[in-house]
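Student: So you can see what is in the structure, the chains are spelled out below.
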Amino acid sequence: MSTANNGEPIINLRGVSKSFGATQVLRDVNLDVQPGEVLVLIGASGSGKSTVLRIMSGLETADAGEVWVNRVPLHDARRAKDIRGHVGMVFQQFNLFPHKNALGNVTLALIKARKMSPADARKRALEALDRVGLADRAEHYPGQLSGGQQQRVAIARALAVEPGIMFFDEATSALDPELVGEVTEVMRTLARDGMTMVVVTHEMGFARKTADRVVFMDKGVIAEQGAPEQMFVNPQNERTRQFLHRVLDH
Amino acid sequence: MSSELLYTSLSILLQGLVATLLLSVAAIAGSTLIGLVAAVLRSFGPAGTRYIATLYTELFRGTPVLITLLFIYFGVSYFGYAIDVFAAGVVGLSVYQGAYIAEVFRSGIEAVPKGQWEVSQILGLSKWQTFFSVILPQTGKIVLPPLVGQYLSLIKDTSIVSMIGMSELMHGGQAIVDRVGKPVEIYGLVAVLYFIVCFPLSQWVRRHDRRRSVLQ
Numbered sequence: 001m002s003t004a005n006n007g008e009p010i011i012n013l014r015g016v017s018k019s020f021g022a023t024q025v026l027r028d029v030n031l032d033v034q035p036g037e038v039l040v041l042i043g044a045s046g047s048g049k050s051t052v053l054r055i056m057s058g059l060e061t062a063d064a065g066e067v068w069v070n071r072v073p074l075h076d077a078r079r080a081k082d083i084r085g086h087v088g089m090v091f092q093q094f095n096l097f098p099h100k101n102a103l104g105n106v107t108l109a110l111i112k113a114r115k116m117s118p119a120d121a122r123k124r125a126l127e128a129l130d131r132v133g134l135a136d137r138a139e140h141y142p143g144q145l146s147g148g149q150q151q152r153v154a155i156a157r158a159l160a161v162e163p164g165i166m167f168f169d170e171a172t173s174a175l176d177p178e179l180v181g182e183v184t185e186v187m188r189t190l191a192r193d194g195m196t197m198v199v200v201t202h203e204m205g206f207a208r209k210t211a212d213r214v215v216f217m218d219k220g221v222i223a224e225q226g227a228p229e230q231m232f233v234n235p236q237n238e239r240t241r242q243f244l245h246r247v248l249d250h
Numbered sequence: 251m252s253s254e255l256l257y258t259s260l261s262i263l264l265q266g267l268v269a270t271l272l273l274s275v276a277a278i279a280g281s282t283l284i285g286l287v288a289a290v291l292r293s294f295g296p297a298g299t300r301y302i303a304t305l306y307t308e309l310f311r312g313t314p315v316l317i318t319l320l321f322i323y324f325g326v327s328y329f330g331y332a333i334d335v336f337a338a339g340v341v342g343l344s345v346y347q348g349a350y351i352a353e354v355f356r357s358g359i360e361a362v363p364k365g366q367w368e369v370s371q372i373l374g375l376s377k378w379q380t381f382f383s384v385i386l387p388q389t390g391k392i393v394l395p396p397l398v399g400q401y402l403s404l405i406k407d408t409s410i411v412s413m414i415g416m417s418e419l420m421h422g423g424q425a426i427v428d429r430v431g432k433p434v435e436i437y438g439l440v441a442v443l444y445f446i447v448c449f450p451l452s453q454w455v456r457r458h459d460r461r462r463s464v465l466q
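Just so you know, the sequences run in chain order A and B. If you read the first sequence in the working numbering, its first letter stands for residue 1, the second for the next number, and so on. If you read the second sequence in the working numbering, its first letter stands for residue 251, the second for the next number, and so on.
Don't read these hints as lab results, they were simulated from the structure. Ideal placement from N, C-alpha and C gives every residue a C-beta, glycine not left out. Warning: the hint list may mix true and false statements.
To be verified - Derived pair list, reagent style DSS-like, types lysine-lysine, alpha-carbon separation capped at 25 Å:
no., chain 1, residue 1, chain 2, residue 2
1, B, Lys377, A, Lys100
2, B, Lys377, A, Lys81
3, B, Lys432, B, Lys406
4, A, Lys115, B, Lys432
5, B, Lys432, A, Lys100
Claimed, not checked - Away from chain A, derived, C-beta distances all over 10 Å, residues of chain B:
no., residue
6, Thr313
7, Leu316
8, Phe336
9, Gln453
10, Val455
Okay, chain A solo, but in the shape it has when bound (with noise of 0.2 Å):
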């Protein structure tokens, strides 16, 4: 297990704290990542799961604490930036620029962010197109698509800017349950493949299947953390129980 790895973390949270407005949503939560480690963070909606994600990926900035990713540390505002276009993170929403088609998505950051050729970029996009299995849609226009194909298009573009990190927050709950397979499926290559992950998910079957460590996370702290077999046969903390129990028996 990776987390027994000793070596630097490519991810290190320490003491990380944040409330939105008179709401705390996160408490002194200390969490570490290593390098390939696939981490799945569970949890009811509102424990704070997501926030840990978005401030991972630099979206939200933590109230206190110290947040080290891929060696830029996000608790300084002057060097947070630096993150920006070394990870990647795959959305609830696709969110995928509707007046581009698979290619352009893909491209855009190459051409703009990284200034690649225009033929170079469309190289390397439509080899990531091609690794989540949609070569053949790259002129579709995500209109086109099905949201599992959209998905998978999302995720095509996050790797072509070669991230460190994958970040994906529910990245499966929008989607119909038939096309959720074709995306974990995607997700299930990458972890083989040794990407760092950090896995906002309600797909049980996933975390009990790809992660490398669980985390439970309860009303804005880390209630308890193990290897899945741990986690899903054996929790040790109540509320973990209670939780799985809801969500594994409807």
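Add chain B to chain A, keeping to what the hints say.
Tutor: Frame of chain A; chain B shown alone:
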């Protein structure tokens, strides 16, 4: 109306119409540019420019276009410079309509989901790259109908520039009425000419709107 009078009137009015069209095109370009800049500054410019842009839009939305035109035309002479009526008309209409167009663009910018900004940030695009490559192209579809509505109102507002003495369509009509009378016939003709310019534009937008709702 005798056919001779109709013929002379039409030739004068058509000359006026050409001036009206030139004025309209120049002011549409000017007001669109001003409106876009004001909307961008108001939505996500630095704090100081945000305040100035808000002040600008509220100021011109709250005063009549004629006052704006008079201020520019006489204000410039007051400071000892000369400005011709065409330039004063273009600047006045641009500044005035720019305030409305700024609001059109602002509502369009705000209608684009926040997730588009977030994913662009993660991908490493700068704020300006995001605005020009991701947000603005999506805004186009949303703002086109209200934008063209604003252009129609601008074209009709050009008639007010006759008040500072510009020889455009309205001014041409007044000149004929001053000489030969027949205000109903002449102003009727003037109205028909404005209508011929504006109607196809509004029809085009309606068709575009309908096609869009069919696509969705």
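Student: Each hint needs a verdict: does it hold in this structure or not?
Tutor: So, going through the hints one by one against the coordinates:
1. Taking the CA atoms of lysine 377 (chain B) and lysine 100 (chain A), the gap is near 19 Å; set against the 25 Å cutoff, the hint holds.
2. Distance restraint check for lysine 377 (chain B) and lysine 81 (chain A): the Cα-Cα separation of roughly 12 Å lies within the 25 Å cut-off, and the hinted pair is therefore satisfied.
3. Distance check on the hinted pair: lysine 432 (chain B) and lysine 406 (chain B) sit about 22 Å apart at the alpha-carbon level, within 25 Å; holds.
4. About 67 Å separates the Cα atoms of lysine 115 (chain A) and lysine 432 (chain B), which puts this hinted pair outside 25 Å; it is violated.
5. Straight-line distance between C-alpha atoms of lysine 432 (chain B) and lysine 100 (chain A) comes to about 57 Å, which puts the hinted pair past the 25 Å bound.
6. Against the 10 Å criterion, threonine 313 (chain B) stays outside the reach of chain A, whose nearest CB is about 37 Å from its own CB.
7. Taking the minimum C-beta to C-beta distance to chain A, about 40 Å, the non-interface status of leucine 316 (chain B) holds against the 10 Å cut.
8. Residue-level check passed: phenylalanine 336 (chain B) sits 38 Å from the nearest beta carbon of chain A, beyond 10 Å.
9. Residue placement check: glutamine 453 (chain B) keeps its beta carbon more than 10 Å from all beta carbons of chain A (closest about 26 Å).
10. Against the 10 Å criterion, valine 455 (chain B) stays outside the reach of chain A, whose nearest CB is about 20 Å from its own CB.
In this structure, the hints that do not hold are numbers 4, 5, in rising order.
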